[in-house]
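**Student:** Turn these sequences into a full structure, and let the hints guide you.
Here the protein sequences come in this chain order: E and Z.
Quick note: to get our numbering, add 373 to the position in the first sequence (first position is 1).
Quick note: to get our numbering, add 12 to the position in the second sequence (first position is 1).
Calculated from the structure, these hints are not laboratory results.
As the structure is a prediction and not an experimental result, all values here were calculated from the model.
Think of the CB as a built atom: it goes at the ideal place given N, C-alpha and C, for glycine as much as any other residue.
Hints may contain errors.
[What the hints assert, rightly or not] Taking lysine-lysine and the DSSO-like style, the derived pairs with C-alpha atoms no more than 27 Å apart in a straight line are:
hint, chain 1, residue 1, chain 2, residue 2
1, E, K442, E, K480
2, Z, K77, E, K477
3, E, K376, E, K480
4, Z, K77, Z, K19
5, E, K376, E, K484
6, E, K477, Z, K19
[Said to hold, decoys possible] To give an idea of the chain E side of the interface with chain Z (calculated C-beta under 8 Å), a few residues:
hint, residue
7, L412
8, Q415
9, G416
10, P417
11, Y419
12, L473
13, F475
14, G476
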Amino acid sequence: DAKTTQPNSMESNEEEPVHLPCNHSTISGTDYIHWYRQLPSQGPEYVIHGLTSNVNNRMASLAIAEDRKSSTLILHRATLRDAAVYYCILIQYGGSQGNLIFGKGTKLSVKP
Amino acid sequence: SAVISQKPSRDICQRGTSLTIQCQVDSQVTMMFWYRQQPGQSLTLIATANQGSEATYESGFVIDKFPISRPNLTFSTLTVSNMSPEDSSIYLCSVENLYGYTFGSGTRLTVV
Numbered sequence: 374d375a376k377t378t379q380p381n382s383m384e385s386n387e388e389e390p391v392h393l394p395c396n397h398s399t400i401s402g403t404d405y406i407h408w409y410r411q412l413p414s415q416g417p418e419y420v421i422h423g424l425t426s427n428v429n430n431r432m433a434s435l436a437i438a439e440d441r442k443s444s445t446l447i448l449h450r451a452t453l454r455d456a457a458v459y460y461c462i463l464i465q466y467g468g469s470q471g472n473l474i475f476g477k478g479t480k481l482s483v484k485p
Numbered sequence: 013s014a015v016i017s018q019k020p021s022r023d024i025c026q027r028g029t030s031l032t033i034q035c036q037v038d039s040q041v042t043m044m045f046w047y048r049q050q051p052g053q054s055l056t057l058i059a060t061a062n063q064g065s066e067a068t069y070e071s072g073f074v075i076d077k078f079p080i081s082r083p084n085l086t087f088s089t090l091t092v093s094n095m096s097p098e099d100s101s102i103y104l105c106s107v108e109n110l111y112g113y114t115f116g117s118g119t120r121l122t123v124v
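**Tutor:** This is the structure:
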């Protein structure tokens with residue numbers, strides 16, 4: 374699976390939007406872009422995923438560049454509960470047989 | 013999506029002993045995955061557990077050190093054998109679901 378690059382850390386103020394970037398310049402046509410987050414002392418949890426079009430769900434929005442070489446996870450109004458490490462992962466269509474390539478992710482801090 | 017119950021949530025063990033970690037899934041799944049997360053690091057896949065066959069281990073992980081059982085389609089165990097302080101990590105199980113992967117809450121292991 375192709376690798377992703379994310380900033381090590383980001384800070385946000387509570388109630389403000391947060392844009393978490395991810396670069397995946399070697400993405401293949403069958404790779405889905407997935408985002409997971411890991412809250413302190415918990416396992417990773419699914420946030421959102423997409424292939425080509427922008428996606429919205431109750432947790433976040435995912436904006437995917439037209440060339441698919443980058444994407445941005447958008448938290449519309451950050452809360453203290455959103456403080457976590459966010460991982461951008463590429464998963465091939467049909468699954469990656471569990472061998473998800475976790476980078477170091479972006480540690481998001483939210484200030485009250 | 014599937015719900016995973018993982019236990020124990022944490023343990024402190026003496027070096028040279030073994031610890032067995034259990035994961036119970038609320039639905040039948042073909043494959044279960046075991047990950048290790050060393051302190052301050054990201055997740056690394058240890059092995060894939062299929063029901064009815066031997067687990068498949070990733071490079072750097074061996075069956076003698078991390079024996080895995082998969083007696084049915086909803087349950088798996090990972091044993092960390094002959095532990096040393098270097099085995100102090102968080103161990104997580106995971107299963108694939110409709111949108112991606114679900115993770116257990118993790119077992120925080122400290123070896124003293």
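**Student:** Closer than 8 Å between Cβ atoms is the bar; does G416 (chain E) clear it against chain Z? Give me holds or violated.
**Tutor:** 3 Å, holds
**Student:** Can the hint on L473 (chain E) be confirmed by a CB-to-CB distance to chain Z that is less than 8 Å?
**Tutor:** Status holds, d = 7 Å.
**Student:** Just to be careful: measuring from the Cβ of F475 (chain E) to every Cβ in chain Z, is the smallest value less than 8 Å?
**Tutor:** 4 Å, holds
**Student:** Would you check the hint for K77 (chain Z) and K477 (chain E), treating anything up to 27 Å between C-alpha atoms as holding?
**Tutor:** Holds, at about 26 Å.
**Student:** L412 (chain E) was flagged as interface toward chain Z. Is the shortest Cβ-Cβ separation under 8 Å?
**Tutor:** Constraint on L412 (chain E) not satisfied, violated at 10 Å.
**Student:** Given the hint that K477 (chain E) pairs with K19 (chain Z), test it: the Cα-Cα distance must not exceed 27 Å.
**Tutor:** Given that 27 Å is the threshold and the Cα spacing comes to 25 Å, the pair holds.
**Student:** Would you mind confirming whether the straight-line C-alpha gap from K376 (chain E) to K480 (chain E) stays at or under 27 Å?
**Tutor:** 18 Å, holds
**Student:** Assess, step by step, whether the Cα of K442 (chain E) is no farther than 27 Å from the Cα of K480 (chain E), and give holds or violated.
**Tutor:** 21 Å, holds
**Student:** Mind checking the CB of G476 (chain E) against every CB in chain Z and telling me if the closest is under 8 Å?
**Tutor:** 6 Å, holds
**Student:** Compare the distance between the alpha carbons of K376 (chain E) and K484 (chain E) with 27 Å, and conclude whether the hinted pair is satisfied.
**Tutor:** Violated, because 30 Å separates the two Cα atoms, which is more than 27 Å.
**Student:** Checking one constraint from the list: CA of K77 (chain Z) to CA of K19 (chain Z), max 27 Å. Satisfied?
**Tutor:** 19 Å, holds
**Student:** For the hint on Y419 (chain E), just tell me whether its beta-carbon gets within less than 8 Å of chain Z.
**Tutor:** With a minimum Cβ separation of about 5 Å from chain Z (threshold 8 Å), the hint on Y419 (chain E) holds.
Violated hints, listed in ascending order, are 5, 7; each of the other numbered hints is respected by the structure.
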